[in-house]
Amino acid sequence: MGFLSKAKPTETDQVLKEAYFTASQAQLIRARYKSNRTAMVAGWVLTMMILVGFFSEFLSPYAPTMAGRDKQYENGPPQMPKFWDENGFSLQPFIYGTSRERSIKTNFRWVITVDREDRRYLRFFVEGWQYSYIDLKWNLPGEAFDIDFTTLTFSTHLFGADKGGVHLFGTDASGKDIFSRTLRAIFTSLKCGALGVFIAFVLALVIGGISGFYGGWIDSILQMITDAIRTVPPLPLFMALAAFLPQEWSAEAVFFIISSILGLIGWPTLARRIRTHLLSERSQEYVLAAELCGASPSHIIRRHLLPSFTSYIIVDLMITFPYMVRLETALSFIGLGLIDPVSSLGSMMQNVSKADVLLNYQWYFIPVLFFIAFVLAFVFVGDGLRDAADPYTRAKK
Amino acid sequence: MTLLTVENLDLKFDTDEGRITAVDNVSFELNSGEVLGLVGESGSGKSVTAKSLMHLNPSNAVYGAGSEIYLELERDVVDVLSLKSSRELKIVRGGAISMIFQEPMASFAPAITIGAQMVEQLLIHSSLSKKEAAELSVEMLDRVGISEARHRFYQYAFELSGGMRQRAMIAMALSTKPKVLIADEPTTALDVTIQAQVLDLMKELVAEFGMAILFITHDLSVIAQTADRVAVMYLGRILETGTVRQVIQTPAHPYTQGLLNSLPKLDALDEPLTPIAGDIPSPLERPPGCVFHTRCPKAKPGVCDQSIPDLFPIDSGHTAACFALTQEWSDIDQKRTA
Amino acid sequence: MTESSHISVRNLSVHFVLGRQLFGKPPVVRAVDEVSLEIPKGSFFGLVGESGSGKTTLGRAILRAAPITSGQILYRDDEVEYDLSNIAKEQLKDYRQRAQLIFQDPYAALSPRMTVRDIIAEPLEVMGITNTRAETDDRVREIASKCRLNLEHLRRFPHAFSGGQRQRISIARALVCSPRFVVADESVAALDVSIQADILNLLESLRGELMNTFLFISHDLRVVAHICDTVAVMYLGTLVESAPTRSLFSNPSHPYTKALLSAIPSLDPDVRGKAQKLEGEIPSPVTPPSGCKFHTRCSLAEERCRSEAPLWRELSEGHSVACHFA
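Protein chains in written order, with numbering that gives the first Met the number 0: chain A, 0 to 396; chain B, 0 to 337; chain C, 0 to 325.
Honestly, I wouldn't trust all of these hints.
[To be verified] Below, a list of computed lysine to aspartate or glutamate pairs in the DMTMM-like style, where the Cα atoms sit at most 25 Å apart:
1) B:K264 to C:E301
2) B:K129 to B:E147
3) B:K264 to C:D219
4) C:K257 to B:D218
[Stated by the list, open to error] Which stretches of chain B does chain C cover? Using the computed rule of at least three CB atoms under 8 Å from a CB of chain C, they are:
5) 150-162
6) 196-206
7) 266-272
8) 302-310
The hints are simulated quantities; they were obtained by calculation from the structure and are not laboratory data.
Glycine is no exception: its CB is placed at the ideal position from the N, C-alpha and C atoms.
Let the hints inform the model, and build the full structure from the sequences given.
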């Protein structure tokens, strides 16, 4: 047995066959997915990024906000930790100390010089700035909705330098550590995308579900509404909405609203797919068999329709996610979404578009690489899931 | 004269679940003016064998080392399995060998008229001009019994009924005057009254065009009415061959006998139906030794599950692959009863 | 309605409207057109016809899986009597337990995501026939072994089984709620020949054990001949002949029945070329011929056949035909 033998090479033939015969849909999908190497790699990358995003505060030596900026190292290039240089080998990684100067010769720009004699060793599990895992400080419009709740506070970080700053990806114009900001940005994009996908999914499920299940004129009306909303171009809509957003709303409130709007724009495509899946499943003979037993619509939905399209829907969600992230990034990039000082990949890329940056501070582009990897990982995982999701078409006569 | 020779055809497919044997050591000959029936159930490999004749199997097909398929044309002999480029393959795909399928709706392109498809086929395989090709196509449509042929020429596949579509497909297949026509379950999807018409048509055309037909089906009565010779396939092997009278009236192989016994017969309504015991094994679980031994009433353990029987001669032209037909078998039986 | 009838169909018509048209009336497919027949209790009733005959639609209408345009269908067993053309919701629910369907395609009729045990148990659970899981399991095992399914295979999924085995699972599912009336719609058409006989034998043995009435729909007269005791022949939505099996096959009266029988290829290679072929194509059910629907292909057709539809007449005991010449 091809794909199963990779899983348990020591089992006997009969046990393998029995495993294949009693494999549920979920197990078959998993087995097929595992045999797709690209998808597996992408899956690992994605898992890593999610973990990194989740533990971003632990992994970042500096706070990604203005509070964590390094005034001594503005626009500084990335510092690679080394184990070995002309002065000898060291078990502990180290970076070099730097000093900076500016003069008329450098056009009054700060130029950073590296002092190779000054070794600064990296320490692990250092104490640093405080962060909390549950930190709800929502300043929503209206006094009654404000929430202020903090718990699970730590201040340990994975690494830090014993003297001075360590900036793996360099710093930006105000001294904020790009590495920390990138990590935080991954998490922000994840949260934003997840919220958007969730809202889109709920709406799509309800509307697409009713449409697909009942058909007839309900279907026609709902489809007309869906198509109408789908034709609205997202960017101009956002620009209009952005003009209405009050300035005094906190970053979190803006974040919430942006995500919701993403969801409200994204649901039509998903709804259409759900409806299509439902319509085709509805006409399956085993559904008719259940109806002939007098099964109620809820039984049919629960037992036959939902399991059948769960796999498709997971694929659809996976594919919708990068669209949400890209939309949010695009909006933040043009200044309509999450803006500085909130770290999102889009807001970080906002700074990239200046010629000054292109010429002198190329490390600003590092977040772009992360963004590309992020989107690609989602796309490959989605594709892999889609390929794996239908194990039954091949098993037929 | 022999038109097509298949020798030791061996075909396996590389799939997710492993290497599946589809055709195992199949050999047969096709002579001009003759209808050879290839009978088998699902998994017998008959369709795959037919597709091999046109080198039409998917890319995960692995041919065995000794497999040979030779097509004898007027001037030379074509080794079908060694054809590579599309120009070479043209001969066996629509040229000297033509194929008609079970589901005519699936083989006509839905958005192009029938006439356009027939003309396209002729333009590929002959040097006729477009006008000549159109004329020939209308003639062929008429010849196969489609009324108002000129009008039908401009129609689309969905506008014709099932029987007419099948006739149109026959017309299309024959317009290139092939030497060999492969008919893969051509009447299975048709109503029985229409099937009778189409079978009659095919027999007339064989006589008129002098070609050979490889008729693939699972229906033994269709074979009885149409074929001259029969080969019975099971799980990729030929178990019995002979003239249609020999195989149907005096079947030698237990599988053929079982198949004939399990058919409901109109002239024996009171007799119970006797199915063949067991199920067709999945291609993943190919039985060792004789492929039929798991369901065979005559199977002897130690013999039938160990070695693969060759086709033993029973009568002139009539062979069957069964150990029970050999002298050694009856010797063992005699020893046992003695 | 005769005392022994399980199902009584009277002047049933099932018409489907195709789409909408801007002007004039939209085309109507007269799938079943004024059909009347009686299915005796405990019988194995065969319904044969080619494509467009309406046999499947008739079967579905009896099960209330197709809409009834006009006419009546009465169901009667020793407990209840229902008018299916005019049935209340509660009664329909009860009817569902008494009448079941075995599908044609064993590959499409079983949900690929449910284990075999769950598939067979589903009717019991939906209809609330059993109360505990143990009870359900017992019933499932009972019917599964009657259908000669290996009980160990109950926890497998459908993709593990061959066509014949799947059809047995389908039969088990249809029979688990002990229906009195079972419609088998082309139930052996998709199976290999050597398996067909097996399934047919199974149906016969089940009928003997469970004493239900079977309506066996098929296009294959040979299969119907072996297993059914009465056969009705349909053409383009109307019933043309109905008789006990022996009668029909030894003494067919309607020209269509005769043509159908002679078109069946014989297993004897020596009887070639002796059949009388039926010319022409089956007309479209949207525009059926006037009068007797078969007149366009009938060798005996006269002026009367074009204008007047023949009446359903009883020739002899149980043998009825609709033809001007019978």
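Contradicted hints - numbers only: Hints 1 and 8 contradicted; others consistent.
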